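Using the sequences and the accompanying hints, generate a full structural model.
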Amino acid sequence: MRLGGLRRLQGFTIVELLVTLVIVGILASSVIPLAEVAVQRGREQELRESLRTMRKAIDAYKQAVDDGRIERKADEAGYPHSLDELVKGVPDAKNPKNGTLRFLRQIPRDPMKDDSGAGNAKAWGLRCYDSSHEEPKAGKDVFDVYSLAAGDGLNGVPYKDW
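Going by our numbering, -6 is the number at position 8 of the sequence shown; the sequence numbering is gapless.
Do not take every clue at face value.
To be verified - Pairs of lysine-lysine residues, derived as BS3-like cross-links and limited to a Cα-Cα distance of at most 30 Å, are as follows:
id, residue 1, residue 2
1, Lys126, Lys146
2, Lys83, Lys146
3, Lys48, Lys99
4, Lys42, Lys83
5, Lys123, Lys48
Calculated from the structure, these hints are not laboratory results.
On a predicted model such as this, the values are computed, not experimentally measured, just so you know.
Here it is in structure tokens:
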């Protein structure tokens, strides 16, 4: 009786260790897919915020044109010529002494594209005022931006249609 009691205090049996390892393995295999979905959801939220930021800047530029703060030619729609123009700024027609109007501090990156070699401005698809939503084409102005990333979001909508 004394030997059995000592042996029991010495440690776990191999069966107990195997059962514990199986349980830990099952828990780990169920957590990994959830973590991957959480990471993708975070990247998609960043994409939404980047698109919203750039679209608000484009709309603010158009509003400044409509308010007469930015000069435009008669054949122009009143949208910026490039995304870089939103960062560099344009002369303020109503207040020439104070310089320029800027609409973005920097162009956000597309979190869904792993194209670190290109600048942030080249990572986005551009749609001009004259092109359709179904077949976006770049042109002489920037009316809208979209992601060039392949694939669909968790909601089933392709990233280029966001």
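Given the proposed pairing of lysine 48 with lysine 99, does the C-alpha separation stay at or below 30 Å? Cα-Cα ~28 Å, so holds.
Lysine 83 and lysine 146 were given as a pair; does the straight-line alpha-carbon distance stay at or below 30 Å? Violated: lysine 83 and lysine 146 sit about 41 Å apart, past 30 Å.
Pair hint outcome, lysine 42 versus lysine 83 [Cα-Cα no greater than 30 Å]: At roughly 26 Å apart (the allowed maximum being 30 Å), lysine 83 and lysine 42 satisfy the hint.
Within 30 Å, alpha carbon to alpha carbon, are lysine 126 and lysine 146? 21 Å, holds
Measure nothing beyond the straight line between the CA atoms of lysine 123 and lysine 48; if it is 30 Å or shorter, mark the hint as holding. 19 Å, holds
In the structure shown, a violation is registered for the earlier hint numbered 2 alone.
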